[in-house]
Structures are given as structure tokens and as C-alpha cells.
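Undergrad: Respectively, the protein sequence lines represent chains A and B. Residue 197 in the numbering used here sits at position 197 of the first sequence, and the numbers go up by one each step. Just add 1000 to the spot in the second sequence (first one is 1) and you have the numbering used here.
Hint data in this document are derived by calculation from the structure and do not stem from the laboratory. Please read all numbers here as calculations on a predicted model, not as lab measurements. Beta carbons are placed, not taken as given, at the ideal position from N, Cα and C, and that holds for glycine. Hints are not guaranteed to be accurate.
[Said to hold, decoys possible] Some chain B residues flagged as far from chain A (calculated, every beta-carbon gap over 12 Å):
1) M1001
2) D1009
3) F1038
4) E1043
5) R1111
6) A1130
7) W1179
8) H1198
9) G1206
[Said to hold, decoys possible] Covered, in the sense of this in silico footprint (three residues per stretch, anywhere, with C-beta under 8 Å from a C-beta of chain B), are these stretches of chain A:
10) 163–169
11) 206–220
12) 240–247
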Amino acid sequence: MKSWWQRRSTRVRLALWYAVAGDFVLALCLAAALGLGVWQPENHHDLPLLLTMGGAVVTLLFVFIGYFIAGFVLEPVRETIELARRLSMRPEGRRIRVTNPHDEFGELETFLNELLQRLQGSFVELDRLAADVSHELRTPLTAMRTVGEVALRERNPAILYDAVGSMLEEIRRMNQLIDRLLLLTRGDSDQWPVRPKPGPVRNVLMEVSETLGMVATDKQQQLQIDCADDLRAIFDPALLRLALMNLTQNAIRYSPPGRPIFLRASAEERTVVVEVADEGPGIAPEHQQKIFQRFYRVDEARSRAEGGVGLGLAIVKWAVERTGGTVELESEVGRGSVFRVRLPSAVS
Amino acid sequence: MRLLIVEDDEKTANALKTGLEKEAFTVAVAHTGEDGFFLLNTEPFDAVVLDWMLPGRGGIDVLKTLRARGIKTPILFLTARDAVDDRVLALKTGADDYLVKPFAFTELVARLHSLLRRATAAEPLKKAFADLVVDLEARRVWRADKRIELTPREFDLLFYLMRQAGEVATREMLAKEVWGETNRVTPLDNVIDVHIAHLRRKVDEGHAIKLVHTVRGVGFVLREETPA
Chain A
1 MKSWWQRRST RVRLALWYAV AGDFVLALCL AAALGLGVWQ PENHHDLPLL LTMGGAVVTL
61 LFVFIGYFIA GFVLEPVRET IELARRLSMR PEGRRIRVTN PHDEFGELET FLNELLQRLQ
121 GSFVELDRLA ADVSHELRTP LTAMRTVGEV ALRERNPAIL YDAVGSMLEE IRRMNQLIDR
181 LLLLTRGDSD QWPVRPKPGP VRNVLMEVSE TLGMVATDKQ QQLQIDCADD LRAIFDPALL
241 RLALMNLTQN AIRYSPPGRP IFLRASAEER TVVVEVADEG PGIAPEHQQK IFQRFYRVDE
301 ARSRAEGGVG LGLAIVKWAV ERTGGTVELE SEVGRGSVFR VRLPSAVS
Chain B
1001 MRLLIVEDDE KTANALKTGL EKEAFTVAVA HTGEDGFFLL NTEPFDAVVL DWMLPGRGGI
1061 DVLKTLRARG IKTPILFLTA RDAVDDRVLA LKTGADDYLV KPFAFTELVA RLHSLLRRAT
1121 AAEPLKKAFA DLVVDLEARR VWRADKRIEL TPREFDLLFY LMRQAGEVAT REMLAKEVWG
1181 ETNRVTPLDN VIDVHIAHLR RKVDEGHAIK LVHTVRGVGF VLREETPA
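Work out the full structure: start from the sequences and follow the hints.
TA: This is how it looks when you write it as C-alpha cells:
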């Protein structure tokens, strides 16, 4: 149990200041009375005693009154704290009432409300993450369980072998999911030191095209680079590459054979715009807003069948924003999609 | 080859022991850092697989004491954390290599072989497997005395598979060693699949014995096999 003094130190301090002010006023009054000759004590001998006693009485009186006034003033603070404490457990939509947003208490209450808002945001986010992850893990686990249980009834080694292979595939998928999820949730990890520096954009485009060229060629698609040799932007090469790899792979995956895929970059004022454009089926407007959210899939069955874990575009957004850029989507159903990455320009 | 595994999770330790014994290693297992340290002081080992998180005495502590005593046995570290700091700490303390859990068994085997090989002679520049010959210096490949034209990437891929012919190479290993990909989140699976398909076509087409094989759920391997 904390001592009386600790719990009431603010009140007592305020009361003492009150008393100091009271004594000061008393001293002023006496000095004025003496100076103006209003008060002419007959016996100067008793004066110190009188003043000391008077001072003591006044001090005590003012401490007493001050203590109550301070309690009265501080009571709302105590109530606010009590309320905030209760609300912090379940902050859903409930907030502290702000009486006057301009004074100190108002500022405190506003701040606490902001804190509650952020807390609620974290709670919602945490719930959503737990739900998402359980769902995402349950799918491969269900597959593995079924495959395993069916395989147990088998005596044919070839089928058993195949079952184990299929389970290992699912395990690999789960591992990939965890790797990517860790990247997104532990965003500030030292795994990815961010070192944005000025550099030529074309190199990154060439690298992506070189790595993915054969995948595109196999689908009779062509990766076309359109970027000036001397176009420079400020970016972290590893992060930009990660983002463009994901975007280009999506373009290859979702656009039909024979259609070109463009990797374009050009300078706009203060920014460099890097685009990955395809002539695929496009993305309907109702999906466009949510497509960068983790685990959001336009076509869940298809995405899974292609081995996706539903985090590609979330990683793109993460990577681009970490290197100081933004990413947006422009798409029209039937015409194709353009993913546009904006990076700070290297020319000032 | 005598091998010591220091790993507290019994299921993992036993699976590793069984698997590594099949790979012709002689395997001893310790479940705590203390036991591992005791064994290392009493018996000679060619290599050690050491877990980072051990009950009581941690892996890093065991490693420190060993190196301080001048024991130079190659040590492969197993860590569940993939933070760079931990890896750097492990390597600085004297580990020879590390693997991040969960790892592919076949990668562990490959790393162990390379650890044990490191001390011995340099690799030959020309390698042969069945009727396939690879010349690393000229970067040329022949099958049954007929030249095969490969792209640089296909060559690297084939050479990597060849270096550990008979052992499965996982997609993660190929991404790291052939494509030089340092992180595990860059999606390269379909890139690897496409290159393997091309390589398979160039190497195996027209030959009765197939050399490039897919091990489902694990990776790819170079071995002689006649399709059933």
C-alpha cells in the first residue's frame, strides 16, 4: 500500500503553495497597515510573538482550505484516469468526454482519447491477424491431415511416396507463409537494412527482366523495358527489386499468353515513376482498394492453386514504402493493369 | 565420419540421427549442452551439429568453451532465429556454418559434406556423371560426347546439381547458390521450375536414361534412372 503522502503529494503540494501565497498576502496587509499608520500597536515588544502566531494560524488555515480546493480541482483527473483505465480494457468506440478541449485537462482528455483510438486499432489489427493466420494455416494443415490419413490406409509404396511429397509441399508453403508474414509484422527488423541511395533505375529493371525472362518466354510473353539509361531515383536496390519481382511475376501469371508486359520508368516532377503494366484481365474496382491488404485474394481458389500465399502485394507495398516510395494500381477490367511505383527523384 | 548432434528436441534429434546414418555418418546424439560438451571432450568427432537454444547451457556457450580450449572440430549451428545479429555472433564465436530452422534435411547433408570437404583438396574443374561431362573452366557440357548448349544460368544450375549428384537440392538451396538470392521471401519458385524444365529437355531428351529428376516436395536431383 502506498503511503498517504505518496497518494496525495500533488494535493499537499498545491495546498502548501496556497499557504505560501496566503502568508505573503498577510505580510503585505500587515506591512501596509503599519506603513499607513492604520494600525499603531502600543507595545512593540509583543509584535514578533503576535506575528509568528498569526502567521502560523493563517498558514494552517490556508493549508486546510488549499487541501480541499486542490482535491476539488484534481477530482476530474482522478475520474478521467479511472475511466481511461476501464476503457483501455475494451475501448470499442467508447471515449472520455472532453469538457473543454483548449485547457490542460482538455488536452489530457483528448490525448487519452487518441491513445484509446490507437489501442482499439491495435486490438482490431491483432484480432484480424490471428483470424487471418489461423485461416491460412488451417488450409495447408487440413490438406496434410487428409493426405496423411488416407495414406495410412495404403500399402502401395508409390502412393505413400507421393503422399509424403504432397505433405512436404504443404510444409514448404507454410514456411513461405511464415517467412513473409514475419517480414511484414516485424517490419523494422535488421533483416532488411534500408539503405536508399541514388542509383540508375534501369539496372533494377534489367535485373528483374533477366531473372524472369525465361518464365515469360515460356508463356510466349515478352518483357519490354522502356527506361532511359540515365534515369536516376533514390531507392534501396534490394527492396525495389523485391517489389518489382513480385509485380512482374503477377503480371506474367495473370495475363494471357502472347501479351506483352511492360516495365517502364520515367521522370515526373520530383518523382520517378516505375510502372509494371500488363494487358491481362484487369482488376475490378471493388477489389482495387483492398488488393494490397495482406491475405486479400481476388480469386482465392486460383491464387492457392498457383501456389500463392496471398502476401505478394502486401510485400510490394511494404517494400516500396520502406524505400520511401508509394505504390498504386490503375486497372480496367478487360484492358489490363498498371502498378505504379513512385520513387523520390535523384535530381534535386 | 563421426558426427555429434546436440539438439534438445528428441523428435528432431532422432529423425536427424536416422537420416544421417542412412547417409553413412556415424551419429551420436546429446540432448543438452552439458552432455554434448562432455561427449566432445571424451570422443573424437569429425563434425558437430549444434542447436542454439538448449536447456541449461546454451549452444553459443558450448561453442565458446570449445573454441577457447582449442578444439577445432567443424561446427554447424542450428538456429531458429533468422536475425542477422545471431548469425554473426555464431560465426564470430567460431561456428563454421549455420542453418536456420526449419531447414531441409537435404540441405543439412549438403552443408555437412561441404564442411568436411573444405579441409581437403580443391574441386576439380572437370566433372563427370554417367555420360554427362561438365567443364567448369570452359563452361561447356557434353552428354554421350555430344555438346549441349546451355545458357549461363542453366550451366550454373547443372553444375550445382552435379556437385552434389545423388543428393537432392532444394529450391531454397538453388535460389541461394545459383541465383545468389540472399533472402527467403523473393519469389523464385517458378523461375527455378522453368529453368529445370529447360535443363531437363536439353540434357535428357533423346536419352533412355534420365538424369534430372524432381523429388516432390523437396527439390531436384541428378541421378541415373530409367523411366518405368
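Undergrad: Take the hints in turn and mark each one as holding or not.
TA: Hints versus structure:
1. A cut-off of 12 Å between C-beta atoms confirms that B:M1001 is not in contact with chain A; the least separation is 26 Å.
2. Under the 12 Å C-beta cut-off, the non-interface status given to B:D1009 relative to chain A holds; the minimum distance is some 16 Å.
3. The claim that B:F1038 lies off the interface holds: its Cβ sits roughly 34 Å from the closest Cβ of chain A, which is beyond the 12 Å cut-off.
4. The claim that B:E1043 lies off the interface holds: its Cβ sits roughly 34 Å from the closest Cβ of chain A, which is beyond the 12 Å cut-off.
5. Every beta carbon of chain A lies more than 12 Å from that of B:R1111, the smallest distance being close to 18 Å; the non-interface claim holds.
6. Once the 12 Å rule is applied to beta carbons, B:A1130 is consistent with being away from chain A; the minimum gap is 23 Å.
7. Against chain A, the non-interface label of B:W1179 is violated: not every CB pair exceeds 12 Å, the least being about 7 Å.
8. Separation of B:H1198 from chain A is inadequate, the least Cβ-Cβ distance of about 7 Å not exceeding the 12 Å criterion.
9. Every Cβ of chain A is farther than 12 Å from the Cβ of B:G1206; the closest lies at roughly 21 Å, confirming the non-interface assignment.
10. Restraint check on the segment 163–169 of chain A versus chain B: 6 residues with Cβ-Cβ distances below 8 Å, three needed, restraint holds.
11. Proximity of the segment 206–220 of chain A to chain B, defined as three or more residues with a beta carbon under 8 Å from a beta carbon of that chain, is established by the 5 residues found.
12. For the segment 240–247 of chain A, the assignment as covered by chain B holds, since 4 residues bring a beta-carbon within under 8 Å of that chain's beta-carbons and 3 suffice.
Hints 7 and 8, counting from the list given before, are not met by this structure.
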